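Residue numbers (my numbering), protein chains in the order written: chain A, 26 to 366; chain B, 26 to 366.
Don't read these hints as lab results, they were simulated from the structure.
Values in this document were obtained by computation on a predicted structure and should not be read as measured data.
One or more of the hints may lead you astray.
Claimed, not checked - Computed footprint of chain A on chain B, listed as stretches where at least three residues anywhere in the stretch have a Cβ under 8 Å from a Cβ of chain A:
#1 51–60
#2 194–208
#3 259–269
#4 328–339
Stated by the list, open to error - In silico lysine-lysine, DSSO-like type, Cα no more than 30 Å apart, as pairs:
#5 362/A / 64/A
#6 363/A / 72/A
#7 366/A / 363/B
#8 362/A / 363/B
#9 137/A / 53/B
#10 363/A / 362/B
#11 53/B / 363/A
#12 249/B / 362/A
#13 53/B / 77/B
Note that the Cβ used here is the ideal one computed from N, Cα and C, for glycine as well.
Number of protein chains: 2
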Amino acid sequence: MSTPNPKDDTMSSDTKDLFAGIDIGGTKIYTVITDANGKICGTGRKKTKADKLDFAGVIERTVDCVHDACGNAGIALSDLKAAGVGAPSPILPDGTAVNAPNMGWENVPLVKTLEKALGLPVFAENDCNAGTLGEYYLGGGKGSKSLIGLFMGTGLGGGIIYRGELITGENCMAAEIGHMIVVEGGRRCGCGHFGCLEAYASKTGMGNKFAHEIIFQGRESMLKEKCGKSLSNVRSSILKEAYIKKDEVVVETLNEAAHFLGLGIGNMITLLAPDKVVVGGGVFEALGKELLPLVQKSAKAVTHPPASFKDTKIVLATLGDDAVALGAMVYARECIKKGHK
Amino acid sequence: MSTPNPKDDTMSSDTKDLFAGIDIGGTKIYTVITDANGKICGTGRKKTKADKLDFAGVIERTVDCVHDACGNAGIALSDLKAAGVGAPSPILPDGTAVNAPNMGWENVPLVKTLEKALGLPVFAENDCNAGTLGEYYLGGGKGSKSLIGLFMGTGLGGGIIYRGELITGENCMAAEIGHMIVVEGGRRCGCGHFGCLEAYASKTGMGNKFAHEIIFQGRESMLKEKCGKSLSNVRSSILKEAYIKKDEVVVETLNEAAHFLGLGIGNMITLLAPDKVVVGGGVFEALGKELLPLVQKSAKAVTHPPASFKDTKIVLATLGDDAVALGAMVYARECIKKGHK
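Just chain A, with the same shape it has in the complex:
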């Protein structure tokens, strides 16, 4: 097609500009300091969970974390051009974080408060949107014009980029990919609905199946010994070991997750026809080589028109745990480039 690639001018940024990318989550805050091309020159890390911080506490610790990262990079805070933040909440255009259940936030002025505390221009996005931006500019999505990102962890998050722009929706709550219904009346999801993609393709969703098969049905599985009754967030390394050793319950459950992930991806290709889809998150970092072909096969079986499946590449994410922080940094860079502040 003749559409210009929205990323073509990336390299025209002044590469001497420095940015902070901050990933604020329920368990930790992680900051990267990078040049304009996303090359990391320093990092910082702080815990949030154990201390049950309120909003002011999280802001304070975030500032500490950025200071640490600057120190690690050998620069001063004032050397930064801007900071980007990824947080587990819908973010309004004015920088308000609407609702982050695992942070205890409701309508908190995230951007304003951080700008005051850091003395820098700050730009925030939802963490899954930021992760997708990171993969788009710097990871598995490089070279694409339009990208869908899916990250399978405790839940199933994602983001949608159409020709360089995030699709955030008119209420900033778009791209709730994990909550597309893939089996009407199917397995119960944490959100209260039945048959959401996340109820099949996430650690929580798979945990429910593990519990059903192993505890209620009494099937044999390595997980019984390795995890006991804590089946709702099994470590990816354990899943990998069990999958490679052909543990029946694990193979069945992960293959089912890959199958439904492919079904959801196929439906999204039918709707949005992106040129790439990236799949990431802990399970795919551990078992991407094994599961990706199943995802591709299942997506191919439903994409319409069938011939158009060849126009979309489904690939693995490559940034791992850096995706959100790097994406937040890229978001700040792009906002500055567009003159948003």
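Starting from the structure of chain A, add chain B where the hints point.
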């Protein structure tokens, strides 16, 4: 939200400019002549089907149709600023119509040929995309920033507009809304897949159910007498009569169609969070009042997060048979405004 409405500047167009909007279909060509605000001042209509025209024949007849419409409006062809075309094919940025099975077209230079024949700037889009644009600027979608349009006829077509821009996808084949899978392994669709939305929510899809219930299962229905064995494209007026008279098979089938339409719409709201969805096509022109509440109920039951459903209005299309021609005209106007030719 603070996003500016992409349509706010519509009225700044020179309203003296005149446009042609052309709807090319498998059975007829329909042209409207309008001012820049979409006010129709002349129309033309020509048949295509009976004569089994090749591409050159369709072009010739389209030119005749535009001439007729100009005559009807009391203007000369040279008074037109530009023409827009909606055609049943994906359209590449260079104006090539990729594939229109019911026209017998494959990779035909639609825009170039029409520009030469008409001596005007011509802009073409897929007919369902054009219909959605028509509803967005002039019909049920007025006032929205982002809109999804669905048109239930022989098939189920649609279009997606995000903040003023059509989402055409990287291969120009996006928005195949009728081919999202809503029931994996479900009813066979004309496309060869199983469980597409179109297999439930289109006249063809409902026709298969009518045939199953009435012919194979021997259930009583008004359709037996009214349509005999031609159940695959029952006229909307007959469906309306049967629905109002509580014909069991018809009520069951239409309610099911509305249910799955709502499920598909709910999933699209979860993904794209538009502020409006318009539902049109013959069946909804006839039975919109009865079916729309069922569609809304079913969409509400699955949209995520549940509270966000209130941010999207699901309404009826209002342009009827004019939607594609008016949308094509609007498309031409917007392309001219952006200086595309």
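These are the hints, each one checked on the structure:
| no. | hint | in the structure |
| --- | --- | --- |
| 1 | 51–60 | violated (count 0) |
| 2 | 194–208 | holds (count 14) |
| 3 | 259–269 | violated (count 0) |
| 4 | 328–339 | holds (count 6) |
| 5 | 362/A / 64/A | 18 Å, holds |
| 6 | 363/A / 72/A | 33 Å, violated |
| 7 | 366/A / 363/B | 26 Å, holds |
| 8 | 362/A / 363/B | 22 Å, holds |
| 9 | 137/A / 53/B | 58 Å, violated |
| 10 | 363/A / 362/B | 22 Å, holds |
| 11 | 53/B / 363/A | 46 Å, violated |
| 12 | 249/B / 362/A | 65 Å, violated |
| 13 | 53/B / 77/B | 11 Å, holds |
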